[in-house]
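Just so you know, the protein sequences line up as chains L and U, in that order.
Under the working numbering, the final residue of the first sequence carries the number 469; numbering is consecutive throughout.
Under the working numbering, the final residue of the second sequence carries the number 889; numbering is consecutive throughout.
Hints may be right or wrong, so weigh each one.
What the hints assert, rightly or not - Here are the simulated SDA-like pairs of lysine to any residue, each with C-alpha atoms no more than 20 Å apart in a straight line:
{"hint": "1", "chain 1": "U", "residue 1": "K762", "chain 2": "L", "residue 2": "K235"}
{"hint": "2", "chain 1": "U", "residue 1": "K792", "chain 2": "L", "residue 2": "L369"}
{"hint": "3", "chain 1": "L", "residue 1": "K235", "chain 2": "U", "residue 2": "V810"}
{"hint": "4", "chain 1": "U", "residue 1": "K747", "chain 2": "L", "residue 2": "L223"}
{"hint": "5", "chain 1": "U", "residue 1": "K553", "chain 2": "L", "residue 2": "N338"}
{"hint": "6", "chain 1": "U", "residue 1": "K762", "chain 2": "L", "residue 2": "T259"}
{"hint": "7", "chain 1": "U", "residue 1": "K661", "chain 2": "L", "residue 2": "N421"}
{"hint": "8", "chain 1": "U", "residue 1": "K571", "chain 2": "L", "residue 2": "N338"}
{"hint": "9", "chain 1": "L", "residue 1": "K383", "chain 2": "U", "residue 2": "L665"}
{"hint": "10", "chain 1": "U", "residue 1": "K597", "chain 2": "U", "residue 2": "S563"}
{"hint": "11", "chain 1": "U", "residue 1": "K616", "chain 2": "L", "residue 2": "N338"}
{"hint": "12", "chain 1": "L", "residue 1": "K417", "chain 2": "L", "residue 2": "G336"}
{"hint": "13", "chain 1": "U", "residue 1": "K579", "chain 2": "L", "residue 2": "G261"}
{"hint": "14", "chain 1": "U", "residue 1": "K666", "chain 2": "L", "residue 2": "E368"}
{"hint": "15", "chain 1": "U", "residue 1": "K579", "chain 2": "L", "residue 2": "T259"}
{"hint": "16", "chain 1": "L", "residue 1": "K459", "chain 2": "L", "residue 2": "V443"}
{"hint": "17", "chain 1": "U", "residue 1": "K717", "chain 2": "U", "residue 2": "R793"}
{"hint": "18", "chain 1": "U", "residue 1": "K571", "chain 2": "L", "residue 2": "K417"}
{"hint": "19", "chain 1": "U", "residue 1": "K553", "chain 2": "L", "residue 2": "N421"}
Read the hints as simulated data drawn from the structure, not as lab findings.
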Amino acid sequence: MSTISLLTLILMILMILVGGKSGFTSFLSVVFNFLILFAAVILITGGISAIGVTFFAGVCILAITIFMGNKNETSTNTAFVATLIVMVIMLLLIVPLDYFAQIKGFSNEQSEEIEAFNLLVGANFETILISTTVLSTLGAIAEAAVAISSGLEELSEQNPGITIAEIFKSGRTIGFQIMGMTFNTLFFGMFGGDLALFILLYKLNANFGYYLNSKIFVGECMAVLYSAVAVILVIWITTYLMGRKINQKRKGTDF
Amino acid sequence: MLKLLLIVLSGLILYIFASNDAFLYKQPVGKVENVSVKSVSKTKDTFNNQDKITVQEVTFKILNGKYRNKIVKLRNTYSRSGGLDQEYKVGNQVFLTIKKHHGKVNSSISHYKRDVCLVMLLWLVIVLLYATMKLNGLKTLLSVAVNFVVFLIFVQLDVMLNLTHFFWLFAAAAFIFTILSLWLVIGVNKQWFVTCASVVSGTVIALLIGLIAMSVTNGKGVHYEALDYATQSPKQLFLAATVIGLLGTVMDAATDIVSTLFEMKRTDEKISEGQLFKSGMAVGRSIMGPLINVLLMIFFAETFTMAILYFKTGNSIAYTFEWTMALGIVQTLVSGIGVTLVIPCASFLSAKVLGGAQDVND
Chain L
215 MSTISLLTLI
225 LMILMILVGG
235 KSGFTSFLSV
245 VFNFLILFAA
255 VILITGGISA
265 IGVTFFAGVC
275 ILAITIFMGN
285 KNETSTNTAF
295 VATLIVMVIM
305 LLLIVPLDYF
315 AQIKGFSNEQ
325 SEEIEAFNLL
335 VGANFETILI
345 STTVLSTLGA
355 IAEAAVAISS
365 GLEELSEQNP
375 GITIAEIFKS
385 GRTIGFQIMG
395 MTFNTLFFGM
405 FGGDLALFIL
415 LYKLNANFGY
425 YLNSKIFVGE
435 CMAVLYSAVA
445 VILVIWITTY
455 LMGRKINQKR
465 KGTDF
Chain U
528 MLKLLLIVLS
538 GLILYIFASN
548 DAFLYKQPVG
558 KVENVSVKSV
568 SKTKDTFNNQ
578 DKITVQEVTF
588 KILNGKYRNK
598 IVKLRNTYSR
608 SGGLDQEYKV
618 GNQVFLTIKK
628 HHGKVNSSIS
638 HYKRDVCLVM
648 LLWLVIVLLY
658 ATMKLNGLKT
668 LLSVAVNFVV
678 FLIFVQLDVM
688 LNLTHFFWLF
698 AAAAFIFTIL
708 SLWLVIGVNK
718 QWFVTCASVV
728 SGTVIALLIG
738 LIAMSVTNGK
748 GVHYEALDYA
758 TQSPKQLFLA
768 ATVIGLLGTV
778 MDAATDIVST
788 LFEMKRTDEK
798 ISEGQLFKSG
808 MAVGRSIMGP
818 LINVLLMIFF
828 AETFTMAILY
838 FKTGNSIAYT
848 FEWTMALGIV
858 QTLVSGIGVT
868 LVIPCASFLS
878 AKVLGGAQDV
888 ND
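Please take these sequences and the hints and turn them into a complete structure.
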């Protein structure tokens, strides 16, 4: 048995023990997302436009992450719409900025791993990078959108008299609590992954000016910053959409 | 209105400054004045991948240092796929290496100037954070900055001490990260203590399970040597990276549960220990799936470029998976186990601490 199969088995058992049926559904959502990502890599290798594949895979991943394991329809629908809007905005932001930053492909620091390869493989590394960047933000925005929309739904149900201004205010308060922790998750996730890189850069005695301009460091920093932008945007948009929805619902019942 | 104007103005000033900051660098920076294509050739490798190679002659005007205003002509070769090279266009700024050797000046292209993009994106994040939450938003940024500095200090310690078992150094770093970040978010009180205790227990148990699973299966299918940039024992580096990655999500889950339970106790003082435990588990169930997906997306998306290179050069799916994705998947799985375990830990500890207590803050 390989290490990965054993760990997957342990994770599945633990998730079922802790979460019961919904734990199993959550486990399935992770497996499905993995399969979609894997299929996306194969499709891009096959020469299909990386941005097209990313968009399609992104919609599927958002749908799976948001709808599997959440039953409340109003809040999940809003969360889904909000994340789709954010994904489109992020594409519009990432495409030009990644072009100007030229952080595609591989860096000099990676030369040892890629020296065995002929790099003239006819792939478009620029669109692959865009795909990587967009996909890596999706998990965080899905989580934030669900947390805010379900929090606001709960709030409006418990206090039917709450005003729209108060809903927007609570949305920001909930958003603030989530954001602090989400930033930590993203930060530790990404910089934890780059631990070896930081040690290498330190050993190379790279100066600050080199850090600020090197492909690998700028690329990793921009990935963290993009995620931060995406999470902030999703907080705004989810709060706004949720407020509008609650408002409409009230008008419908009042008159 | 005035605020909006100030924000736009600050962005504009920052952009103009960053585009003209060549004088801050010691290394010569050249601005592309003119580009002409010298030759174009088509290539085809053994896997039938077609590519196009272009050689361009680039004329640089040097912007700083003792060679200021000098003109340099250099050749640049770039491919259409651009794995390790890039095309230069008029107006681009590029770092150059200029060396004097036996009276002859040798110059070459070093790397592209990227600081403008990085600075502008950082500006956008700060503006958005400030617009959303005023000064509180900047506090969030402070927490990340403090952790980053601690992280760099430990990297420096690692290089200086050159320990054989340097994993423990980063385990200690992880412990400090937990205490610091939670202190900045919650402040020092009972809630902070309970959250820290749950995070530490969840992380330690998950790591132990991961280590046992790896030794039982003899690490089959996991190639530590596939770790990028490894300059020290790759196994320990991987474990250290896993602990740090694991910590972020476990902290996220623990904070959600503990803060919800403390809030419940505040609104209803008579709530029982059993009820608290049950509610904690309910909160945990709803966040478990999305949290594990966050990590999956981060770890998996990072392997995209490498995986496509492997596939394009005729490697099988199984081989590509083992050498490019397996490490990221192990990290995701161990983190997932950590998130799942911290749910009962945090629920149990909060319930025990709050259950008999009369007051939340005693």
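Cross-check of the supplied hints:
| no. | hint | verdict |
| --- | --- | --- |
| 1 | U:K762 x L:K235 | violated, 36 Å |
| 2 | U:K792 x L:L369 | holds, 18 Å |
| 3 | L:K235 x U:V810 | holds, 15 Å |
| 4 | U:K747 x L:L223 | holds, 15 Å |
| 5 | U:K553 x L:N338 | violated, 34 Å |
| 6 | U:K762 x L:T259 | violated, 30 Å |
| 7 | U:K661 x L:N421 | violated, 34 Å |
| 8 | U:K571 x L:N338 | holds, 15 Å |
| 9 | L:K383 x U:L665 | holds, 18 Å |
| 10 | U:K597 x U:S563 | holds, 19 Å |
| 11 | U:K616 x L:N338 | holds, 18 Å |
| 12 | L:K417 x L:G336 | violated, 34 Å |
| 13 | U:K579 x L:G261 | holds, 16 Å |
| 14 | U:K666 x L:E368 | violated, 28 Å |
| 15 | U:K579 x L:T259 | holds, 18 Å |
| 16 | L:K459 x L:V443 | violated, 24 Å |
| 17 | U:K717 x U:R793 | holds, 13 Å |
| 18 | U:K571 x L:K417 | violated, 38 Å |
| 19 | U:K553 x L:N421 | holds, 10 Å |
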